[in-house]
Amino acid sequence: DAMVIQNPRYQVTQFGKPVTLSCSQTLNHNVMYWYQQKSSQAPKLLFHYYDKDFNNEADTPDNFQSRRPNTSFCFLDIRSPGLGDAAMYLCATSRGGQDKGGYTFGSGTRLTVV
Amino acid sequence: LAKTTQPISMDSYEGQEVNITCSHNNIATNDYITWYQQFPSQGPRFIIQGYKTKVTNEVASLFIPADRKSSTLSLPRVSLSDTAVYYCLAGSYNTDKLIFGTGTRLQVFP
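From first to last, the protein sequence lines are chains A and B. Using this note's numbering, read the first sequence as starting at 1 and increasing by one per residue. Using this note's numbering, read the second sequence as starting at 1 and increasing by one per residue.
Misleading hints may appear alongside valid ones.
Think about it this way: if two alpha-carbon atoms lie no more than 27 Å apart in a straight line, the pair counts; the simulated DSSO-like pairs of lysine-lysine are [what the hints assert, rightly or not]: (1) B:K97 x B:K54; (2) B:K54 x A:K52; (3) B:K97 x A:K52; (4) B:K54 x A:K38; (5) A:K44 x B:K97; (6) B:K54 x B:K69; (7) A:K17 x A:K38; (8) B:K52 x B:K69; (9) B:K52 x A:K38; (10) B:K54 x B:K3; (11) B:K69 x B:K3; (12) A:K52 x B:K52; (13) B:K52 x B:K3.
Computed spacing ranges between beta-carbons, pair by pair [said to hold, decoys possible]: (14) B:P7 x A:S22: 33 to 39 Å; (15) B:R45 x A:P8: 38 to 44 Å; (16) B:K52 x A:L83: 42 to 48 Å; (17) B:Y13 x A:R79: 47 to 53 Å; (18) B:R45 x A:T60: 44 to 50 Å; (19) A:D53 x B:R45: 23 to 29 Å; (20) B:Y51 x A:G82: 41 to 47 Å; (21) A:T20 x B:I8: 45 to 51 Å; (22) B:Y13 x A:A58: 41 to 47 Å.
Sample of chain B residues at the chain A side, in silico, Cβ under 7 Å [stated by the list, open to error]: (23) T34; (24) P40; (25) F46; (26) P76; (27) F100.
Hints are computed from structural coordinates only; laboratory data are not their basis. Glycine included, C-beta positions come from ideal geometry on N, C-alpha and C.
Kindly produce the complete structure, drawing on both the sequences and the hints.
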């Protein structure tokens with residue numbers, strides 16, 4: 001089945017130690033998104049790639065970076081994780097623009113910072 | 001993207017019909033209304049989408065009045081497995097982004 005896969009499901013990292021979360025898709029969608037979701041809050045969009053074009057949300061901290069080496073993969077890099085970065089990180093894909101019902105989300109990576 | 005307002009939480013019992021209303025007073029002409037469902041420790045998943053009047057699928061119905069300033073998600077005969085957070089979104093086809101509002105936490109009791 002076509003899907004969005006996030007690895008790992010759970011990640012523990014040390015305060016200040018760089019960490020990378022990965023996302024892959026078999027849907028061949030143009031757009032890939034990263035969301036941050038803290039406990040009891042709605043998902044918050046960090047940034048997205050439309051093909052190779054990177055689009056950063058205005059309030060996304062510089063500590064968060066992303067790479068998309070090809071259509072299938074997208075990475076979230078947190079350069080110096082702080083305790084406040086502990087959250088669920090969700091990757092999503094879409095064809096872009098036209099269908100707000102056509103977003104497919106992965107199961108997320110829960111990040112713990114110790 | 002139109003701002004949406006929905007109740008923070010709702011309680012129901014198994015077998016009942018649940019109606020969750022969403023307000024989107026500033027909805028634009030080309031905005032669609034889309035609902036997503038999120039279970040704990042999972043990503044959101046699409047439930048239903050509509051532009052006006054009524055849309056029905058195997059999971060839910062969506063009612064949108066003529067002025068389109070609000071919409072109602074209807075879940076027939078809920079079960080315990082319908083316990084989740086439900087997000088209402090009103091977004092334009094012209095953007096590539098999905099922005100979530102606060103959502104409604106639905107708790108279904110036996």
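Hints, verified against the model:
1. B:K97 x B:K54: Between B:K97 and B:K54 the Cα gap is close to 25 Å, so the pair holds against 27 Å.
2. B:K54 x A:K52: violated, 38 Å
3. B:K97 x A:K52: It holds: about 16 Å lies between the C-alpha atoms, which stays within 27 Å.
4. B:K54 x A:K38: violated, 34 Å
5. A:K44 x B:K97: Cα-Cα ~11 Å, so holds.
6. B:K54 x B:K69: holds, 14 Å
7. A:K17 x A:K38: holds, 20 Å
8. B:K52 x B:K69: holds, 10 Å
9. B:K52 x A:K38: violated, 33 Å
10. B:K54 x B:K3: Cα-Cα ~21 Å, so holds.
11. B:K69 x B:K3: Distance of about 11 Å is within 27 Å: holds.
12. A:K52 x B:K52: Distance ~35 Å between A:K52 and B:K52 Cα, so the pair is violated.
13. B:K52 x B:K3: This hinted pair holds, its Cα atoms lying about 18 Å apart.
14. B:P7 x A:S22: 33 to 39 Å: holds, 36 Å
15. B:R45 x A:P8: 38 to 44 Å: violated, 21 Å
16. B:K52 x A:L83: 42 to 48 Å: The hinted range 42 to 48 Å holds for B:K52 and A:L83, with Cβ atoms some 46 Å apart.
17. B:Y13 x A:R79: 47 to 53 Å: holds, 48 Å
18. B:R45 x A:T60: 44 to 50 Å: Check failed, 24 Å falls outside 44 to 50 Å.
19. A:D53 x B:R45: 23 to 29 Å: Given about 26 Å between the Cβ atoms, the range holds.
20. B:Y51 x A:G82: 41 to 47 Å: holds, 43 Å
21. A:T20 x B:I8: 45 to 51 Å: violated, 35 Å
22. B:Y13 x A:A58: 41 to 47 Å: holds, 43 Å
23. T34: holds, 4 Å
24. P40: Violated, about 10 Å.
25. F46: holds, 5 Å
26. P76: violated, 20 Å
27. F100: Nearest chain A Cβ about 4 Å off; hint holds.
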